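With the hints as extra help, turn the sequences into a complete structure.
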Amino acid sequence: MVDENGKSADEPYVIRGRGKDKAPSGTFALFADVNYNVGGPRDKILVIPAKGTANNFSDYGFDQSDDGVSSVVNNTNNDNILFTRTNQGGSQLPVKAGTSIDDMTKIPLAGSPTSTWNDQAQSALAFAQPVPLPVFTAPAAGAQTEDRRQPVQGTAAPDVQQVLLYEDAKQLGTLPVKDSKWEYTPDADWPLGQHNLAAMAVRDDVTSGKAYLRFYATLPSPVVDVTSPKSGAEVDTGVSIDGVAFNADSVNLTEGSTKLGSAKVNGQNWSFLHEGGWSLGSHTVTAKAVRGSQESEPDTVTFTAAKKNLTVDYKFNSSWQDWETQKYIYSYDITMYAGESDVRHWNVGFGQLPVGSVLYKEFTNAFWGMIIEDGSNGDVLLGSPPEGIHVVPKGGKLDIRVLVLYPTQDEAYKHLYALFAKSLSE
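Numbering (my numbering), first residue to last: 1 to 426.
Simulated from the structure, these hints should not be mistaken for lab results.
Among these hints, one or two may not hold up.
[Said to hold, decoys possible] Here are the simulated lysine-lysine pairs, DSBU-like style, with alpha carbons at most 35 Å apart: (1) K181 / K264; (2) K327 / K361; (3) K307 / K414.
As the structure is a computational prediction, the values presented were derived from the model and not from experiment.
Here you go:
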């Protein structure tokens, strides 16, 4: 069952070891190498207790772009399932109770970069009956609301007893389900700006994947929210400061008494790139949104600038209409650069995508790495193949042409917001 902190007694965890006998009794054990890690370089094992759920392996220190799943042991009495996408999405591979697979390279998977299941799983369920995702019904996705006590409402499957509601990593509540409906009303005002919510349905001991909702708390006057980098983050010296603003034309940025400059608001997004980059060390930057003589309350972010071995930038190429969907495809070249050492295992991503956006199928069908987030929840997250190919070489670069399908055309879409690259070895 789930406790008051949203933690389950069936929480997955990582151990290290080699051999089929290292799979604990009563668990679904995922090995990072073929032949149960015997004879290979990897030794991690992601252990999922019976009736447990792992909606994103990287949440438990088993990163899809570094470890991967190459063999499995089902030591439970349940028929378990592997999925090719986070949150129990994508293709499914059932693993019968009491069985094992010693080499996932022998299990075909059409359309995967390897044409097999090797290193393709990103989430798993140690129980044969997946729980349907809950559904948000209010507020609408992408809504701007001036109701500072805006309720969050939704529906769930008839056999679901409760819904766990989160904002980022913080649990907001455990909500009972009655007549397939659930509701959360905050006991304090929503802070102004962007809110990223996630909901999971719970049926007995089993949780669903995550359903996502992004909405914005606003005022009739200017409002600003810094969304990237996150406070306390360590970032590269060339990082931009990005955010959202409402009822505003521009955002002014300062550090202490020093005026850094301003950023134009495109739609609701803005981005500020500090000329010459940030000096090494700690920075506290304040943003204020402006329209005419009106100025918002400030929002402040504190971060540390450091010299990173892996850095990233991008170039917008062009956009055109997709005649099949009547939506619009935007093309970008994302380039990662390595400094003093090769980077074999990496993540790269960006965010602030509008509702209705997703990676275009021509990209997803051809991309040779891991697609961890496809943009449908507002964020894109890509990862290196676990095999250690497609390396960012020392002193060199690696280019990725990314195609995003947007619902409309907008100047704001020529910019990638919250762009980052991360070396998984750092």
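Exercise. Is K327 close enough to K361, meaning Cα to Cα at most 35 Å?
Worked result: Holds - the C-alpha atoms of K361 and K327 are around 13 Å apart, at most 35 Å.
Exercise. Is the Cα-Cα distance between K181 and K264 35 Å or less?
Worked result: Violated, at roughly 41 Å.
Exercise. Hey, K307 versus K414, does the alpha-carbon distance stay inside 35 Å?
Worked result: Holds: K307 and K414 sit about 27 Å apart, inside 35 Å.
In summary, the one numbered hint that this structure violates is 1.
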